[in-house]
Amino acid sequence: MVQVDEFPDDFQKEFRARVMPEYGDAAFVKPPELKDCRVALISTAGVHRRGDRPFTHESGDYRIIEKDLAAEDFVMSHVSTNFDRSGFQQDINVALPLDRLNELAEEGVIGSVADYHYAFMGATPPGKMKPNIEEISRTLKKDNVTAIVLCPV
Amino acid sequence: MGGLGHFLERAGFATTQISLVREHTLQINPPRALLTPFELGRPFGAPNEPEFQKRVLVETLNLLTRDKGPVLEEWTEAAPGPKADLEGWTCPVDFGPGMDAVDVNVDPFTAVMQEIDKLRPWHDTAEKKLGRTTFGIANLELDVIVRYLVDFIEDTDAPLPLSGMPRYQAVKLCIDDLKAFYFESALAQPGVATDFELANWYYAETIVSDMLVRLNSVCAATDDAVLKRMSIRGIIPAHQAHRKNSC
Numbered sequence: 200m201v202q203v204d205e206f207p208d209d210f211q212k213e214f215r216a217r218v219m220p221e222y223g224d225a226a227f228v229k230p231p232e233l234k235d236c237r238v239a240l241i242s243t244a245g246v247h248r249r250g251d252r253p254f255t256h257e258s259g260d261y262r263i264i265e266k267d268l269a270a271e272d273f274v275m276s277h278v279s280t281n282f283d284r285s286g287f288q289q290d291i292n293v294a295l296p297l298d299r300l301n302e303l304a305e306e307g308v309i310g311s312v313a314d315y316h317y318a319f320m321g322a323t324p325p326g327k328m329k330p331n332i333e334e335i336s337r338t339l340k341k342d343n344v345t346a347i348v349l350c351p352v
Numbered sequence: 054m055g056g057l058g059h060f061l062e063r064a065g066f067a068t069t070q071i072s073l074v075r076e077h078t079l080q081i082n083p084p085r086a087l088l089t090p091f092e093l094g095r096p097f098g099a100p101n102e103p104e105f106q107k108r109v110l111v112e113t114l115n116l117l118t119r120d121k122g123p124v125l126e127e128w129t130e131a132a133p134g135p136k137a138d139l140e141g142w143t144c145p146v147d148f149g150p151g152m153d154a155v156d157v158n159v160d161p162f163t164a165v166m167q168e169i170d171k172l173r174p175w176h177d178t179a180e181k182k183l184g185r186t187t188f189g190i191a192n193l194e195l196d197v198i199v200r201y202l203v204d205f206i207e208d209t210d211a212p213l214p215l216s217g218m219p220r221y222q223a224v225k226l227c228i229d230d231l232k233a234f235y236f237e238s239a240l241a242q243p244g245v246a247t248d249f250e251l252a253n254w255y256y257a258e259t260i261v262s263d264m265l266v267r268l269n270s271v272c273a274a275t276d277d278a279v280l281k282r283m284s285i286r287g288i289i290p291a292h293q294a295h296r297k298n299s300c
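Chains as they are written, first to last, in my numbering: chain R, 200 to 352; chain Y, 54 to 300.
Keep in mind that the hints were calculated from the coordinates and are not lab data. Be aware that a few hints might be false.
[As the list claims (entries may be wrong)] Capping the alpha-carbon separation at 20 Å, the derived lysine to any residue pairs in SDA-like fashion look like this:
hint, chain 1, residue 1, chain 2, residue 2
1, R, K329, Y, N82
2, R, K229, Y, A294
3, Y, K121, Y, D156
4, Y, K121, R, D272
5, R, K234, Y, N115
6, R, K212, Y, A64
7, R, K234, Y, K107
8, Y, K181, R, K212
9, Y, K181, Y, V197
10, R, K212, Y, N115
11, R, K340, Y, K121
Please read these numbers as outputs of a predicted model, since none were measured by experiment.
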């Protein structure tokens with residue numbers, strides 16, 4: 200089990216005590232009813248299409264994941280060694296639940312699935328990702344996305 | 054992750070998320086988060102458990118229906134999956150007769166390649182069984198990867214096998230591809246190993262683990278700040294840190 204509890208005591212203590220950035224008063228957007236939401240996934244697992252540029256140390260850039268990208272085309276180039284990858288090797292849905300999201304759209308639980316999803320590489324200061332979040336916000340709007348599920352790793 | 058939630062809400066999108074590290078999420082206080090007990094690397098619980106994954110996803114989406122935020126809710130149910138065998142998992146591949154004829158301290162390239170050749174049938178099986186492989190981010194053959202890492206240990210300025218990227222990244226991608234090959238090979242074998250048992254096998258019982266420990270020591274001793282930083286937890290993970298200095 201790659202749990203924080205499994206880390207050596209000194210690293211566990213340091214990891215848990217890391218000071219996170221402050222964001223002040225949180226904006227809170229009320230989406231349409233779930234059955235009408237168009238949903239995109241944004242992952243920080245450093246996943247991408249085979250052949251895409253691998254992620255680099257503290258990079259704030261992103262990769263695009265098409266809605267119909269086949270499971271066999273996914274790879275991961277996250278810089279961290281400190282999380283389990285064997286789950287992702289067996290089933291991408293444990294990190295990026297694209298199949299589950301498509302099933303929920305077919306069942307009418309959500310309205311539809313976005314044409315494009317996005318992947319960042321965690322272990323990057325959020326400020327470095329911010330300009331790229333602003334950039335993909337424009338494409339998310341063009342894709343008529345109304346709700347986003349954020350998937351850490 | 055929660056930081057992205059704040060940025061996206063300010064841009065007009067409703068967001069909801071999984072949390073894997075409670076302490077961090079409580080500090081960031083994102084608009085909506087489902088606090089889970091899942092392992093790092095497994096935000097939707099467990100592989101090949103579609104019903105469980107779907108329940109987690111639905112619960113995460115349901116946070117979008119709340120009228121006021123921030124919304125932080127708990128998911129307490131443990132993820133399904135194998136529990137660690139008290140006797141530990143053992144790789145059934147016989148690394149025996151002939152393997153010890155090559156000393157990893159004398160000829161690390163041949164020693165590691167012998168081990169890899171023993172695993173190749175299992176990796177072929179893994180590709181068929183899993184329908185995919187995550188090996189290949191370096192886009193190099195295994196012998197090129199091992200040759201480069203062996204050369205790097207001898208001389209950190211050894212010619213890079215990949216153009217257009219910094220040295221640390223070439224090293225990292227080679228390491229990640231080796232790990233993907235070994236883990237996938239083990240996943241195809243009989244018996245069910247937990248990820249922790251796989252890591253214990255990979256970082257302690259394989260010949261390649263000797264190479265990784267040496268590589269870690271070399272990175273720790275360089276003047277290159279990024280390689281030095283990689284040696285802290287970027288080559289051998291935190292939960293296997295006790296393997297360092299074992300050679």
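Here is how each hint holds up against the structure:
1. K329/R - N82/Y: The given pair, whose Cα atoms are some 17 Å apart, holds under the 20 Å limit.
2. K229/R - A294/Y: violated (45 Å)
3. K121/Y - D156/Y: violated (64 Å)
4. K121/Y - D272/R: violated (39 Å)
5. K234/R - N115/Y: The hint holds at about 11 Å.
6. K212/R - A64/Y: Violated, at roughly 35 Å.
7. K234/R - K107/Y: With a Cα-Cα distance of about 16 Å, the restraint between K234/R and K107/Y holds, given a limit of 20 Å.
8. K181/Y - K212/R: Judged against 20 Å, a Cα distance of about 41 Å means the pair is violated.
9. K181/Y - V197/Y: violated (24 Å)
10. K212/R - N115/Y: Violated - the C-alpha atoms of N115/Y and K212/R are around 33 Å apart, more than 20 Å.
11. K340/R - K121/Y: violated (23 Å)
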